[in-house]
Structure formats: C-alpha cells, structure tokens
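Participant: Single-letter residue listing:
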Amino acid sequence: MKNLKKVIAVLVALTLIATCFAACSNKEEAAYFIGGTGPLTGPNQSYGNSVNNGAMLAVEEINAAGGLNGVPFKFEMKDDKASDVDAATGYDALMDDGMQISLGSVTSGSCEAFAKRAFEDNLFFITPSASQESVITDRPNAFRVCFGDPDQGILAAQKLTKDYEKIGCIYDTSDTYSSGIYAAFEGEMKNLNKEYEVRTFDAETKTDFSASVEALKDCDVIFLPIYYTEAGLVARACVDKGLKDIVLFGCDGLDGVAAQIDETVTNKISYITPFDVNSTDEKTANFVKNYETKYGSKPDQFAADGYDAVYVIFEAMKAANVNDVNISASDLCDLVVKEITADDFTYAGTTGEMKWDASGACTKVPVIVEINK
Amino acid sequence: MVTLLDGLSLGAIYALIALGYTMVYGIAKMLNFAHGDVIMVGAYAIFTVFSITGNPVIAFIVSIILCVVLGIVIEKLAYKPLRTASPLAVLITAIGVSNLLQGLAQLIFGTEPKSVIILNKLGSVEIADGIILNISTIVTLVLSAIIMIVLTLFIKKTKTGRAMLAVSEDKGAAQLMGVNVNKIIMITFAIGSALAAFASLFYLIKIPVSPSFGALPGIKAFAAAVIGGIGSIPGAMVGGILLGLVENICLSIDVIAPYTTSIEFGLLILILLVKPTGILGKKIREKV
Amino acid sequence: MAKSKIKSNFKIKNHLNYILIGVVLVITFIMNSIGELGRLDRSTLVRISFSIILAVSLNLVVGFLGELSLGHAGFMCVGAYLGGYFVNVFSGFIDSPLLVYVISIMIGGLISAFFGLVIGIPALRLKGDYLAIATLAFGEIVRNIFKNIKFFGASQGLETKIYPEKEFFIITLITVIVVLILCQNLIRSKHGRAVTAIRDNEIAAKSMGINVTFYKLFIFIIAAFFAGVAGVIYAQCIGQVKQESFSYNYSIEILVMVVLGGMGSINGSIIAATIITYLNILLQNELSGPLASVKLVVYAIILIFAILFNNAPAFNNLKNKLSLKGNRKKSKEKDDEAEWNRIDTKIKMDEMLSYDLPNDDDVNSYSNSKEDN
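For the protein sequence lines, the chains are A, B and C, in the order given. Each residue of the first sequence is one higher than the last, beginning at 8 in the numbering used here. Each residue of the second sequence is one higher than the last, beginning at 44 in the numbering used here. Each residue of the third sequence is one higher than the last, beginning at 1127 in the numbering used here.
Chain A extracted, bound-state conformation:
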C-alpha cells in the first residue's frame, strides 16, 4: 500500500505541475486590468454571476467605444464562493496577474478580506454590493456603489414607523448583512421611541419559520433584512398560518423573491432597492435591453451595480486623464480617489445619481419596489 501511495503521490504532483503550465496562457494584450471576486458557484452564485455579467457588459460597451484613449479594459472575476479564504486567494492570484484597479468582492464577508489586503497595497476598489460598514471604514482606497447596511436599517425604521402601527422583525443572526442592517434598525427605532417585536433565526440551521411567524402574527408589517430565499420561506409560512394581510418589507437582499413564491402568496411584499428594472429612464432602459439581449434574462440590482461600478471607474480614470497602460495600482488609486471625491464628480447610473465623499460611502436616492401578486 505504501508503494502504491507513493506512486499516486508522484502522479498527482506531475499532473499538478502540468496543469500549472497549461494554465499559464499568454495572451498579452495591453489593457487596463479590472479585477474582482464574487460567488460564481455555491448558494450565493446568483449574486456573483449577476455582478460578473453586468461588469462584462459594461467593459464590452466601453471597449467598443474605444476604451480609454484607445486602450481597452480587461475584467476578471475570481470565484470566492462567498468565503473570505477564497476571496483572499482570489486577491493574491489577481495581484500576481497584474490587477490595477478593482471591484472588490460581491459579498460583505469576502470584501472585508479583500479590503484588508487592498488597503496594504493601496489598490482602489469600488464594490458593487458589499454593504457592510466596516469594508469602507478607515480605508481611503475603498468605495461602494450600493447602500450601506446602516443606511438601509435607518431608512426602514423611519418608513415603517411612519406607515404602520405594529411592527415585527425577523433577521438572521448568522449573516453580517442581516445583523448589520438590524443593528442600525434597532438603533433608529430606539431614537424614534417605537416598540417592535423581533425574532431571530440562523440560516445555517435552516429552520422553518412557523415558530417565528406564529410569534409575530399580530403585527401589521414584518421587516425582513434578509435574503430572498429565506424571505420566500417566511412568505410561505405566513400563508400557512393564514396570515394573509401581513406586509413584508425588506432591503436589497429581497431582490429575486418574486421567483421564490407562487400565487398562493397574496401578501404585499416590498423592498428598498436602488434599481428598478421597469424604469423608463433612458440609461436604465438601454441597460436592461442590452443585458437581456446578451444574457437572455432581465438584470437584477446586482447586475446593475456591477455595470455602474465599471462605468464609475471608467469615468474617474477619464477625468484623471490616465494614459499609461502600465500604471501601477497604487498610483492609479491615488489619481482615481482624487477624482471621485471631488465636489463636482457625479455619475448618473442605472442605480441612481451617485456622489462620493472621502469616506467611500455613496449618496443616492433609494427606490421602493412593490410586488403584488
């Protein structure tokens, strides 16, 4: 057995070396390299794939229009399965390959790992969707396109307090996005002196929601700062308990919930989002049309965020008059940060009209989308 094992070990080692050489493909065309990581496989793959699709579409459009002073862009997203370890690996690989500027990571946890390294190397990144506050805190090189978790929590608290009497909330303690929004929600509710009922769950243990919904059955609205899969389960639990009148209100994580429920769910579901796929705004409508032509389905807000993020990088680099394709990541970062935080820099994208300040946060107006079945 020992002999056989040794043989296998050697064979494996040889295959590995061979794969290494095979993977080192050499198509060196001078281009600006935008990198990023996101979950392309695994339970969160829809987010990563959406951002990837949106970003690729943007890069194609930019290149078709001549790139930046004739130089094209190149975009690559490494799969991180929403894990911080894989995001770190992806970052290392991208840097080895010559990444100059980036979209960070799609999910908050991974983006945190990415951001730590990017900070050490002074690599500029603007994340389309990582909304955890700590990602951009104290990092002058870090920016985001989406709302921060605290912003959504505060906004939700204000809106729900205004519109409803009895408020309930179910959030996921195992998820930073959910807990982050909830923390801000909790704080704002305290400021507004408004009482509410809260139940928690842990997505990892995949509980069903009958118990939680049962406890909140007297509420007018349930705030759900969670993702669409679990939101679909909550909706079903409400129907099971016969609670047809409860309103479900969520944040951008609920985008996609429509696919999770069937016609038995008649409750009103709405959520905060920066992107309305049915908008008549010209830029948005064009984006939706082109996306659908290329990918065969309508874009969600993650795709829109990715699309906008790439364009923001492009606009900032244009405004900074970048013309050296071999510019180092650090130099590029300094130039871009200076432009993007300038008072007069603004970008009207598919996810709204955006401005940035030195903190990296993006100011824009949110939209509230309703699903009525």
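Note that these hints are calculated values from the structure, not bench results. Hints are not guaranteed to be accurate.
[To be verified] Heads up, simulated DSBU-like pairs for lysine-lysine below, C-alpha to C-alpha not over 35 Å straight-line:
id	chain 1	residue 1	chain 2	residue 2
1	B	Lys123	C	Lys1253
2	C	Lys1421	A	Lys301
3	B	Lys157	B	Lys318
4	C	Lys1292	A	Lys345
5	B	Lys318	B	Lys72
6	B	Lys226	B	Lys123
7	A	Lys81	C	Lys1287
8	C	Lys1421	B	Lys72
9	B	Lys157	A	Lys275
10	C	Lys1287	C	Lys1276
11	A	Lys325	C	Lys1292
12	A	Lys251	A	Lys325
13	B	Lys157	A	Lys173
14	B	Lys214	B	Lys200
[Claimed, not checked] Away from chain B, derived, C-beta distances all over 12 Å, residues of chain A:
id	residue
15	Gln165
16	Gly194
17	Asp209
18	Ser277
What you are looking at is a predicted structure, and each value in this text was computed from that prediction instead of being measured. Note that beta-carbon positions come from the ideal geometry of N, C-alpha and C, so glycine has one too.
Please arrange chains B and C on chain A, whose structure you already have, making use of the hints.
Facilitator: Positioned in the frame of chain A, the structure of chains B and C alone reads:
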C-alpha cells in the same frame, strides 16, 4: 400550544430518521453517517419526479423505492466488505459515502435550494380561536404515529422482526439458530431507508432541498438516537420527539434562540456523560 | 565502528521529513528573494503549513491513540479567535510582528489546550462511536457560542492583523518544523509507545500499569494545542476569523488528510495535507464552476477506496501483491516452508494424513474383522 405541536412534528421527523440510525446500529453495529444524505436523495427524487410528472403521489413512491435501493446498495458496496474491520474504518467510510452523495447532488442539481410546493396547498385549519394549525403538521404527526406503530408491531409480531431482534442481541447465536444475518442486515437498511424517505417528504414541506439538506437533520437525529438510547427502537422515538420539542421551544424563546444548537448538542453530551446508553438503553459489559 | 555507522543511518532516515521541509524553506526563501515567488505561492505555503500542523495533530488522536475526533476544527476555532484577539491587542504596543506572533500562538495554543482538557475528560468515559459524536457536538457548540458573542464580532467575525505578507511563509514553515520535531520525539519516546499500547488494547495496557487516564488526556491536550496554533496562523493569514469556516465539514476534511496519509504515519499526513491544500487552491483559482463539485465527489471516492483497500479482507490478496512489505512477508513464508519441508516428522504426518478414510461399508467390515480378531 402551536409551538408544541410544531415541535412534535419536527420531533416526529427526527424520530423517523433516528429509527434508521438506531436499527442499523443495533443490528449491524455501525454508525451509518450517510443516513442523513439518503434523506437528501429522497427529497431530490421527489423534486425531480414531481417536476416531470406533476403528480406528488408517484413522486413519493419513486422516492421510497429509490431510497430503499440506495440504502441496500450502500450496504452491499461500502459496509459489507468492512464487517470484520475496526469500527473506525467503517465510520470513516460512512463519512466518505456521505460526502460522495452530497458531491453528486451538487454536481447534478447545483447548490441553489429548490422548493417543492405541494402540501402547502392544503392550507391550514383553525382549531380553537386564534390557534391556527397547518394541515401539513397534522398530516406529519398522524402519518408518523401510524408508521411507528406499524414498525413496532412488525418488530414484535413477525418472524423477520423477531429475527432482527435476535441479530441485535447476539449475531453469532442468531446465525446458529438459522437466521440469515446478511439478509436481515439488508432488510434493516431497507426499512431504515424507507423511513428516511418519509422523513424527507415531511421535511421537504418545511424547507427547500439543497445538497446539505440532510446533513444537519441527520446529525441531530443521530444525537436524538443516542439520547434515547442507541440500539433501542422506542428509544429512538422518544429521543427524536424530545429533541424536536426542545428545539422548537428554544427557538420560540427569543433570548435563548441563537443558542439552540448549543443546547441540543449540550443535551447530547450531558446524556453521554450521565447515562451513555441513553434514556431507554441497556448497559453493555465489555470483555477484554 | 559498526555501532556508530548504524547510529548515523538511523538519524538521517528518521529526521528526513523536517530536513526536507527545511530544504523547501531554503529554496522558497531564495526564490522569494529573487522575485520568483508570487503572492499566491506565498499564501499557498502558509496554508499548507497550517494544514500540515492540523493533520499531524489530528493524527496523534486518530492514528496513535486510536480515537476518532470529529471536532478538531473546533479547537482550531478557539485558537483562531483567542489568538487573533491577542494579536490585535499586542500589535498595539509591540513593534515586532514576529514577537507578536510567537506570543499569540502560545496563548492561542494554551487556551485550545485547555479546551482539549475539557473535551478529554468526558472522552475518558466514552468509547469509539460515542466519542466521535461527542467531539462533533463539541465542535458545533464552540461554533454556536462564538457566533453569538458580540465581543468577538458575532456573525461578522473577528478582524485580525495580518502578518507582513512577504515573510510570513518563512515563519510558518519554521513553525511546522518545530511542531514536527516535537511530535516525532513524542511518538518515539516511551510515552508514544504507551499511547499506541492503549490504542491496541486498552484493558491490557491498563493491566500493564499504563496510566490510561493520563495519556488520553495528554494526547487530547497536545492535539488541541497544535490545532490552536494552526488557528492563530490561519487568523494572521486571512485576517478574518469567522466561525462558519470551522464547521464539521472542515473537521472531516482534516480527517480525510489523516486517513489518506495513513493513520499513524506522520509523513503520510504531511504529504496528504500538502497535496489536498494545494489541490484546493488550484481548483479554486484555475478551474472554477462545476469542477468545484467534482472535487467533492473525487475526494469522497478516493477516501472510500482508501479505507476499503486498507481494511477489507477481500482486498488482502491485492494488497499483498502491491506492497513492498507484503512481498517480504511472502518470501519469509516461502523460507519457512522450505525449512518445514525438510523435517522428517512432516513427511510422516503427510503419509498419515494422506491415508484414505474407509467408507461406510469398509468401516463395517473393518469393525467386523476387528471383532473377528
């Protein structure tokens, strides 16, 4: 009240799965780690057949057949060759089978959770004022109770059932008495897997299926089997229901809800320390 | 003269593994200095380092003590959180990252060792399968508790200071060498022999005067200590400690390394840990998408075959043919047979045994004839 009934239905699911573990342990003297993933396979079978035919009954029957076949195949290929090997080897093989099933499921179906919306259409019923029960909960409870009664009768009254008891008491003596041990072990796995198919149906009502669908319930049911007394069939039922109740009660009390997992496993460790053979288990003396 | 020759041979063969790692260290150091080593390579080396430490420490419990522990990742989790916390604390006022690292791995290791004691005590009363489940439960409880402690960041996890990236791999490789020296000396000492005696037959060992209680606890504590050290390395490599990274899936992955390498073989653990970690990184980086699922299937199949091959009596013939040792065994048997053939008594016995037994009629006639006589 509703919490209790929800807890009972969850407990019934755990009990059905725990029965599979306990029977296999009692008769084949091994821990079938892959049992939880048989549930996952059953759930995917229901999903697939239902998507194709739209008929839940056919979907469920196919699922039972598939689970039984799978259980028997796993036993023949992975466990039977190791019957004389150390328990450590069998345990690790079981883990390997479990990972294999999860990996295959991931390969075929991807990791996105898939819902099967069947029994939800039954809606709910109001018993007393304000207390609304899902019909699916009631169905789960009633069917599980029937299954457990049938199983107990089977073990006590039929010849095969008594043969199973004999093998679990003393394999060698049973063999001397003319019991075909191989066949009995095969039947044990078959029954355990059939029960798993039922469990997967009831669990699918609550939660969409994904490759890791069966892993956590499997471990919890295993804990339940140990708590109730591994090797003892009434023990598995008691342990499963107890664990389901504990879980639901903890979840409904907001302060301790996040610690539910710790409490459940803590209960397991407590039982292992205080009475390792479980609530209804028997003491085993070890010889050198 | 002959004695010293044997002594020097003995030395090299037994210390081969960490000498080899030392060689790897020197080579990679040189490569790094001339710029041939990319970021990904460096972080791969760090990850291989802590994987080796994990595999070797688990092997102490599984291979040498013979008890199945499915909660090894739980010890790593404790070390990562606590060690990581102290890294942050000490980095505040100690300038040398090396000193911070050394102090933190000590603390992380010691706290993990304490938990090793905690799990070791019930382990005294539990056998085989029951112990496996208890360790699994322990791992999950640890994770669940850390998930809810706000002090350690709850679901967001703990942020830790990353060790300066360029030199970390050197430090970790040295750590691996130290760990290996410690473990191997332990195994080769009388304590190691006591432990394997317990594995082979506990009651017999007890009757020989071996303090089983002490040794069982001892092994759990040592294994937990090293797992804690590995946890601290993880924390300083990734920069983020999240309890979801330390699930029982990870415990099982470490177990796979141990089993594939050969239970009770430290060299095997080193090779298996290296190959599996390297493959993981390669798969994540170069070949993503559906191939990620293939990895799970392939690992599982290899694991099942490894166990069946090693343990099932049905495979014994195949095993003997393929193994070096087996051939030696066969030739030894052949020698014995030759010896045996030369003995006179054997020839007599052969004669007697080849004597045909009379059938029923003959028996009757024989006894009849006897009676006649």
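Participant: Against chain B, does A:Gln165 hold up as non-interface, every C-beta pair farther apart than 12 Å?
Facilitator: 24 Å, holds
Participant: Are the Cα positions of A:Lys251 and A:Lys325 separated by 35 Å at most?
Facilitator: Not satisfied, since the Cα-Cα distance of roughly 52 Å exceeds 35 Å.
Participant: Hey, does A:Gly194 actually stay past 12 Å from chain B on C-beta?
Facilitator: 19 Å, holds
Participant: Verify the proposed pairing of B:Lys157 with B:Lys318, using a straight-line Cα cut of 35 Å.
Facilitator: 40 Å, violated
Participant: In terms of Cβ atoms, is chain B entirely out of 12 Å range of A:Asp209?
Facilitator: At roughly 7 Å from the nearest Cβ of chain B, A:Asp209 sits no farther out than 12 Å, so the non-interface label is violated.
Participant: Hint check: B:Lys318 vs B:Lys72, CA-CA at most 35 Å. Holds or violated?
Facilitator: Roughly 19 Å between the alpha carbons, so the hint for B:Lys318 and B:Lys72 holds.
Participant: Can the restraint linking C:Lys1421 and A:Lys301 be considered satisfied, given a maximum Cα separation of 35 Å?
Facilitator: OK: C:Lys1421 and A:Lys301 at ~31 Å, within 35 Å.
Participant: Does the structure keep B:Lys214 and B:Lys200 at a Cα separation of 35 Å or less?
Facilitator: Holds - the C-alpha atoms of B:Lys200 and B:Lys214 are around 20 Å apart, at most 35 Å.
Participant: Mind checking the alpha carbons of B:Lys123 and C:Lys1253 for me, to see if they're no more than 35 Å apart?
Facilitator: 22 Å, holds
Participant: Are the Cα positions of C:Lys1292 and A:Lys345 separated by 35 Å at most?
Facilitator: With Cα atoms ~29 Å apart, C:Lys1292 and A:Lys345 stay inside 35 Å; holds.
Participant: Within 35 Å, alpha carbon to alpha carbon, are A:Lys81 and C:Lys1287?
Facilitator: 32 Å, holds
Participant: Would you mind confirming whether the straight-line C-alpha gap from C:Lys1287 to C:Lys1276 stays at or under 35 Å?
Facilitator: 19 Å, holds
Hints 3, 12, 17, counting from the list given before, are not met by this structure.
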